[in-house]
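Whenever a hint applies, use it, and build me the whole structure from the sequences.
Position 170 of the sequence shown, counted from 1, bears residue number 291 in this note's numbering, the numbering being contiguous throughout.
Since the hints were derived computationally from the structure, they do not count as laboratory data.
Treat the hints with care, since some could be wrong.
Stated by the list, open to error - Here are the computed distance ranges between Cβ atoms for each label pair:
#1 Gln160 with Pro238: 43 to 49 Å
#2 Glu192 with Thr259: 36 to 42 Å
#3 Ala241 with Ser445: 17 to 23 Å
#4 Asp158 with Val247: 48 to 54 Å
#5 Gly181 with Gly249: 37 to 43 Å
#6 Gly249 with Arg405: 45 to 51 Å
#7 Glu443 with His323: 53 to 59 Å
#8 Glu188 with Val247: 39 to 45 Å
The model shown is predicted, which means the values in this text are computed figures rather than measured ones.
Yeah, the Cβ is synthetic: ideal placement off N, Cα and C, and Gly gets one too.
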Amino acid sequence: MRRSLRRLFVVLGALACSASCQTVGQAWTPGPARPFDGQLSVMTYNVKGGPWPVAWNRSGDLYAIGERLREMRREGRNPQVVLLQEAFSGDAEEIARHAGYRYVVAGPSTADRNPAPASATDAAFVAGGTWWLGEGTTRLLDSGLLILSDYPLDHVRRVAFPGYACAGLDCLANKGAVMATVRIPGSGKAFDILDTHLNSRHSSLVGDARSLEAYRRQTGILADFIATYRTPGMALIAGGDFNVGKEAARGDALSADLPRWNFGAAVHDALHAVTGARRRVGARIGADTLAVLRRNTDFLFFAPTPGTALAPESLSVPFGLEASGTMLSDHLGYSATFRLGSAPASPG
Numbered sequence: 122m123r124r125s126l127r128r129l130f131v132v133l134g135a136l137a138c139s140a141s142c143q144t145v146g147q148a149w150t151p152g153p154a155r156p157f158d159g160q161l162s163v164m165t166y167n168v169k170g171g172p173w174p175v176a177w178n179r180s181g182d183l184y185a186i187g188e189r190l191r192e193m194r195r196e197g198r199n200p201q202v203v204l205l206q207e208a209f210s211g212d213a214e215e216i217a218r219h220a221g222y223r224y225v226v227a228g229p230s231t232a233d234r235n236p237a238p239a240s241a242t243d244a245a246f247v248a249g250g251t252w253w254l255g256e257g258t259t260r261l262l263d264s265g266l267l268i269l270s271d272y273p274l275d276h277v278r279r280v281a282f283p284g285y286a287c288a289g290l291d292c293l294a295n296k297g298a299v300m301a302t303v304r305i306p307g308s309g310k311a312f313d314i315l316d317t318h319l320n321s322r323h324s325s326l327v328g329d330a331r332s333l334e335a336y337r338r339q340t341g342i343l344a345d346f347i348a349t350y351r352t353p354g355m356a357l358i359a360g361g362d363f364n365v366g367k368e369a370a371r372g373d374a375l376s377a378d379l380p381r382w383n384f385g386a387a388v389h390d391a392l393h394a395v396t397g398a399r400r401r402v403g404a405r406i407g408a409d410t411l412a413v414l415r416r417n418t419d420f421l422f423f424a425p426t427p428g429t430a431l432a433p434e435s436l437s438v439p440f441g442l443e444a445s446g447t448m449l450s451d452h453l454g455y456s457a458t459f460r461l462g463s464a465p466a467s468p469g
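So, in structure tokens, the structure goes:
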């Protein structure tokens, strides 16, 4: 299994490109960038932007998401970087234009592939699939991943999960990851940002054992991708829909691979770092934040470096439970505000 995963990186370079090689939509007039004052707000949100019949009657909610981000920009409190998942439809892609983000890159397209040959074990996994659920068939959808940014994005890298690393209905989308370097003008600061969406459990409509095997394969591929293509010496923020939930085996698989994201050093989770700090001092945690914690699937991981200090200071949930008792998606959209700066020099 590991040998077959390693072989993927002989060909992954074909998916790496400059930021200009794949953007979304046509040119538009962006809004004013939120100034950088040492604080950086990053949001992750699965917007449930699938096409009919996967999702229906979504246009109004997707428009409302873009409108809220637009209003936040007017008030100077928009997240400077947004990671979207399930942005499959035109209405979902329109969020970037509506919200005024100047820089947008997408994850793997329907055409992106990992052409590395499958091992016998990989082939056996594919052979055990169900074609009418989409396993072993053509990708009908792209990855649904979008990175929106107020600041320039370059050095874009992508990976698509192969057919032997997906299960059930998830195989109809070309899930994977997209990573880019964010450069903050006038500050000399830069960091790597990653967006991903891993295989679902129940929604895949296959048994837990099969979806878990696909999940483990994906966490391994993701870790190899980050370790191979992360910019040396640059801090990393990695977010998305990790589809852990209440399945302990999924959490174990993800946790086991996290150190490889940071060359063996610790990788931290902003959600638990901030809420843990608040609990230690007896501070209140909002209901929407508690809901994100309970779901245990949407994360913003971060990895500082010896030269770059990166630490989360606060959380907010711009897209939680509405006053009407409804939500704009089946996920909550939350942001973490990080302090990004230079790490103090070691005493010499």
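Hint check results:
1. A beta carbon spacing of about 47 Å between glutamine 160 and proline 238 agrees with the range 43 to 49 Å that was offered as a hint.
2. Remark: the range hint 36 to 42 Å for glutamate 192 to threonine 259 is upheld by a beta-carbon distance near 40 Å.
3. As the Cβ distance of alanine 241 to serine 445 is approximately 54 Å, the hint placing it in 17 to 23 Å is violated.
4. The hint said 48 to 54 Å for the Cβ distance between aspartate 158 and valine 247, and at roughly 50 Å that hint holds.
5. Judged by the Cβ atoms, the range 37 to 43 Å given for glycine 181 and glycine 249 holds: they are separated by roughly 41 Å.
6. Range check, glycine 249 to arginine 405: Cβ separation about 49 Å, and the 45 to 51 Å hint holds.
7. Under the hint 53 to 59 Å, the C-beta atoms of glutamate 443 and histidine 323, about 25 Å apart, miss the expected range.
8. Our hint of 39 to 45 Å for glutamate 188 and valine 247 holds, since their Cβ atoms are close to 43 Å apart.
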